[in-house]
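Asker: Each residue of the sequence shown is one higher than the last, beginning at 1 in the numbering used here.
In case anyone wonders, no lab produced these hints; they're calculated from the structure.
Don't be surprised by glycine CBs; every beta carbon is placed ideally from N, CA and C.
It cannot be assumed that every hint is accurate.
Keeping only pairs whose Cα atoms sit at most 20 angstroms apart, straight-line, the calculated SDA-like set for lysine to any residue is [claimed, not checked]:
1) Lys263 x Thr15
2) Lys293 x Leu165
3) Lys79 x Arg104
4) Lys75 x Asn45
5) Lys41 x Pro12
6) Lys293 x Leu128
7) Lys79 x Asp66
8) Lys96 x Pro80
9) Lys79 x Leu22
10) Lys75 x Glu65
11) Lys296 x Pro183
12) Lys263 x Asp250
The calculated label-pair distances, taken between Cβ atoms and stated as ranges, are [what the hints assert, rightly or not]:
13) Gly113 x Ala289: 18 to 24 angstroms
14) His269 x Trp103: 37 to 43 angstroms
15) Pro249 x Leu99: 27 to 33 angstroms
16) Glu102 x Asp73: 20 to 26 angstroms
17) Gly113 x Arg290: 15 to 21 angstroms
18) Lys293 x Lys75: 40 to 46 angstroms
19) Lys296 x Leu274: 23 to 29 angstroms
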Amino acid sequence: MPTLFSASPPLPTFTPGSLIDLSSKVYIITSFTSRTLGLAKILYNLHATVYLGCPSSSRFETAAEDLKQACPDSKGHLKPLLFDAKDPERVTGAVKGFLEQEWRLDVLFLRIGTDDLLVHFALASLLLPLLHRTASRFCHPNPSIRVVWMAPSSPSAPPCSTSGLDTAVEVYLLANASSTLSPPPSTTRQDPHAHTLPNSNPSGVQHVCVAAEPEHSTLQRAMLRLLPAMLQDEAEKAACSLLYAGLGPDVRSGDWVVPWGRKGEVPEHVRTYLVGTTERGNVSASVYARYEKEMKQMIAG
Numbered sequence: 001m002p003t004l005f006s007a008s009p010p011l012p013t014f015t016p017g018s019l020i021d022l023s024s025k026v027y028i029i030t031s032f033t034s035r036t037l038g039l040a041k042i043l044y045n046l047h048a049t050v051y052l053g054c055p056s057s058s059r060f061e062t063a064a065e066d067l068k069q070a071c072p073d074s075k076g077h078l079k080p081l082l083f084d085a086k087d088p089e090r091v092t093g094a095v096k097g098f099l100e101q102e103w104r105l106d107v108l109f110l111r112i113g114t115d116d117l118l119v120h121f122a123l124a125s126l127l128l129p130l131l132h133r134t135a136s137r138f139c140h141p142n143p144s145i146r147v148v149w150m151a152p153s154s155p156s157a158p159p160c161s162t163s164g165l166d167t168a169v170e171v172y173l174l175a176n177a178s179s180t181l182s183p184p185p186s187t188t189r190q191d192p193h194a195h196t197l198p199n200s201n202p203s204g205v206q207h208v209c210v211a212a213e214p215e216h217s218t219l220q221r222a223m224l225r226l227l228p229a230m231l232q233d234e235a236e237k238a239a240c241s242l243l244y245a246g247l248g249p250d251v252r253s254g255d256w257v258v259p260w261g262r263k264g265e266v267p268e269h270v271r272t273y274l275v276g277t278t279e280r281g282n283v284s285a286s287v288y289a290r291y292e293k294e295m296k297q298m299i300a301g
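Full structure from sequences and hints, please.
Answerer: Structure, rendered in structure tokens:
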């Protein structure tokens, strides 16, 4: 038993105890898993406003009630972001509804599957202007406004059907390109409260990628199922990885966050594409341009 998890990652050092109060912050988490609901619990317990992405009001109500019971002292807010990653037509409506309610967005947590990357890219693109405006309200360098791209398992994940690239590769390429190819909008007229002086926040919006959780052996998976406390511990550590990616003070664009909440090396098979070129130019820029074109077609259609 002592050696069963001897190869597990180090325990998280950035935990809920590292934070005090998030009552002025607004977060979006795009779907439900044990680790994303664990993250929602942490943020809500620290009095944040948390939007939960889900396809129906009933699913939201069930999750929200569980979180409220787990965090009875929270002064935060739980709200639905009603969209379905399998239904592209609902993305624009979800964003419109969010923008009608909120004037800021601090972190967008994107949980991406192997077949819904385009929908999540569209969601991030449509919310980027608000993220940029939120970042512009700081008159000093502040890298706290972020998009966290959660990569699916890699390199075993099925490739994207549109490109043949591993999904995790495309996630990182899009995160990398988004930090350089999506300039902030002009805020002079759009937001009278934005700081437009030369010394205003140069950090802008950070795009961070979170690696998939470590794979367990058959024996480890069996033990996790047999020991509920151990399974819960795994979910809590996974939530801390997301917490670090979204709120860790030393995290910056281009970082590859690995379990359980620390910076890791970008995998070689991902880095190869990052610096590679094709006859059409930089691979990262090429992937971004393709998704941007497909997103516009999806929204127009």
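Asker: A separate judgement is required for each hint: does it hold in the structure or not?
Answerer: Taking the hints in turn, this is what the structure says about them:
About 15 angstroms separates the Cα atoms of Lys263 and Thr15, which keeps this hinted pair within 20 angstroms; it holds. Using a Cα cut-off of 20 angstroms, the hinted pair Lys293 and Leu165 holds, with the two alpha carbons roughly 18 angstroms apart. With a C-alpha separation of about 14 angstroms, the suggested pair Lys79 and Arg104 falls inside the 20 angstroms cut-off, and the hint holds. Distance restraint check for Lys75 and Asn45: the Cα-Cα separation of roughly 8 angstroms lies within the 20 angstroms cut-off, and the hinted pair is therefore satisfied.
Taken as a hint, the Lys41 and Pro12 pair is honoured in the structure, with Cα atoms around 17 angstroms apart against an allowance of 20 angstroms. The hinted pair formed by Lys293 and Leu128 meets the criterion: a straight-line CA distance of about 17 angstroms does not exceed 20 angstroms. Proposed proximity of Lys79 and Asp66 is supported: the alpha carbons are some 13 angstroms apart, at most 20 angstroms. Pair hint Lys96 plus Pro80 holds up; C-alpha atoms about 13 angstroms apart against a cutoff of 20 angstroms.
Between the alpha carbons of Lys79 and Leu22 the distance comes to roughly 16 angstroms, so the proposed pair stays at or under 20 angstroms and holds. A C-alpha spacing of about 14 angstroms is found between Lys75 and Glu65, which places the hinted pair at or below 20 angstroms, so the restraint holds. Between Lys296 and Pro183 the CA atoms are separated by roughly 17 angstroms; this keeps the pair inside 20 angstroms, and the hint holds. Between Lys263 and Asp250, the direct Cα distance comes to roughly 9 angstroms. Compliance with the 20 angstroms bound is thereby established for this hinted pair.
Checked against the given bound of 18 to 24 angstroms, the beta carbons of Gly113 and Ala289, roughly 22 angstroms apart, stay inside it. The hinted range of 37 to 43 angstroms is satisfied by His269 and Trp103, whose Cβ atoms lie roughly 41 angstroms apart. A beta carbon spacing of about 28 angstroms between Pro249 and Leu99 agrees with the range 27 to 33 angstroms that was offered as a hint. The hinted window of 20 to 26 angstroms between Glu102 and Asp73 holds, with their beta carbons roughly 24 angstroms apart.
Here the CB-CB span from Gly113 to Arg290 is close to 19 angstroms, well matched to the stated 15 to 21 angstroms. For Lys293 paired with Lys75, a C-beta distance near 44 angstroms keeps the hint of 40 to 46 angstroms intact. Against the hinted window of 23 to 29 angstroms, the Cβ-Cβ separation of Lys296 and Leu274 comes to about 25 angstroms, which satisfies the hint.
The structure agrees with every numbered hint stated previously.
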